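*Asks:* Sequences are here, hints too, so could you generate the full structure?
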Amino acid sequence: MFKQHEAYFVPTLATYFALPKEGLAAGLHPSMVAKIGDTLDRGLEALELAHNSGVSIAYGTDLLGEMQKWQLHEFALRREVVGIANALRSATSDAARLLNMEGQVGTLAPGAFADVLLLDQDPLEVLDTLENLEQHLSKVLVGGSVVYSAN
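Quick note on our numbering: the sequence shown kicks off at 631 and runs consecutively.
Worth flagging that the hints you see were computed from the coordinates, not collected in a lab. Each hint should be verified, as a subset may be incorrect.
What the hints assert, rightly or not - Ranges between beta-carbon positions, derived for each pair:
no., residue 1, residue 2, range
1, Gln634, Glu732, 18 to 26 Å
2, Thr669, Glu764, 23 to 31 Å
3, Pro740, His635, 26 to 34 Å
4, Asp750, Thr669, 29 to 37 Å
5, Val735, Glu755, 22 to 30 Å
6, Ala715, Thr691, 33 to 41 Å
7, Thr669, Ser779, 34 to 42 Å
8, Ala744, Asn781, 13 to 21 Å
9, Glu678, Ala744, 30 to 38 Å
10, His635, Lys769, 38 to 46 Å
11, Val735, Glu764, 17 to 25 Å
12, Gly657, Ala780, 34 to 42 Å
13, Met662, Gly741, 45 to 53 Å
14, Leu749, His659, 35 to 43 Å
What the hints assert, rightly or not - Here are the simulated DSS-like pairs of lysine-lysine, each with C-alpha atoms no more than 25 Å apart in a straight line:
no., residue 1, residue 2
15, Lys665, Lys699
16, Lys651, Lys699
17, Lys769, Lys699
18, Lys651, Lys665
Note that the structure is predicted; figures quoted are calculated from it, not measured. Here a beta-carbon is modelled for each residue, glycine too, at the ideal position from N, C-alpha and C.
*Replies:* Right, here's the structure in full:
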């Protein structure tokens with residue numbers, strides 16, 4: 631049905647990773663936190679099914695408050711199911727297509743906005759690069775202008 635309606639699957643699996651760790655402090659009842667255990671596994675299965683079925687998948691960012699610190703762990707979770715290249719694509723060009731901003735964001739191309747993160751290592755080669763972004767961020771460009779430089 632996703633493909634038939636050109637719909638996107640946009641899971642935020644890191645939510646189900648973070649809630650068992652942060653749920654009680656966030657005010658969830660212990661019985662709710664206990665129910666979360668299987669949700670991550672089912673979410674990963676759904677991601678695999680969607681990926682294998684050719685469904686368009688974008689990167690979700692629904693973590694709130696203190697749990698936001700777990701957002702980049704989404705890459706690690708997805709990497710195990712769809713590989714790091716597909717996980718990166720879901721956060722860049724696939725997300726741009728979902729937002730009807732293809733050619734403007736999610737790409738390095740003439741005429742694009744040039745919002746870019748420059749890293750000190752290749753996340754396709756060193757798999758935990760994105761989960762540890764602060765350690766590996768060299769520069770941030772917004773509209774082609776440097777707004778952050780580690781040096």
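*Asks:* It remains to establish, for every hint, whether it holds in the given structure.
*Replies:* For each hint, the structure was consulted:
Between Gln634 and Glu732 the Cβ separation comes to about 21 Å, which falls inside the hinted range of 18 to 26 Å. The given range of 23 to 31 Å is respected by Thr669 and Glu764, whose C-beta atoms sit roughly 28 Å from each other. In this structure, Pro740 and His635 meet the distance hint of 26 to 34 Å, their C-beta atoms being roughly 33 Å apart. Here the CB-CB span from Asp750 to Thr669 is close to 35 Å, well matched to the stated 29 to 37 Å.
Taking 22 to 30 Å as the suggested C-beta distance range, the pair Val735 and Glu755 conforms, at roughly 24 Å. For the hinted restraint 33 to 41 Å between Ala715 and Thr691, the CB-CB distance of approximately 20 Å leaves it violated. At roughly 40 Å, the beta-carbon separation of Thr669 and Ser779 lies within the given 34 to 42 Å, and the hint holds. Checking the proposed 13 to 21 Å range against Ala744 and Asn781 shows it holds: the Cβ atoms sit about 20 Å from each other.
Under the hint 30 to 38 Å, the C-beta atoms of Glu678 and Ala744, about 34 Å apart, fit the expected range. The given range of 38 to 46 Å is respected by His635 and Lys769, whose C-beta atoms sit roughly 40 Å from each other. The beta-carbon spacing between Val735 and Glu764, approximately 22 Å, falls within the hinted interval of 17 to 25 Å. Separation of Gly657 from Ala780 is about 37 Å and conforms to the stated range, judged on CB atoms against 34 to 42 Å.
Restraint check, Met662 to Gly741: a C-beta distance of roughly 47 Å satisfies the suggested window 45 to 53 Å. For Leu749 and His659, the hinted distance range of 35 to 43 Å is satisfied, since their beta carbons lie about 40 Å from each other. This hinted pair checks out: Lys665 and Lys699 have alpha carbons roughly 22 Å apart, not beyond 25 Å. For the suggested pair Lys651 and Lys699, the alpha carbons sit about 12 Å apart, so the restraint of at most 25 Å is met.
Taking the CA atoms of Lys769 and Lys699, the gap is near 20 Å; set against the 25 Å cutoff, the hint holds. At most 25 Å may separate the alpha-carbon atoms for a hinted pair to count; Lys651 and Lys665 meet this at roughly 13 Å.
Hint 6 from the list above is the single one not met by this structure.
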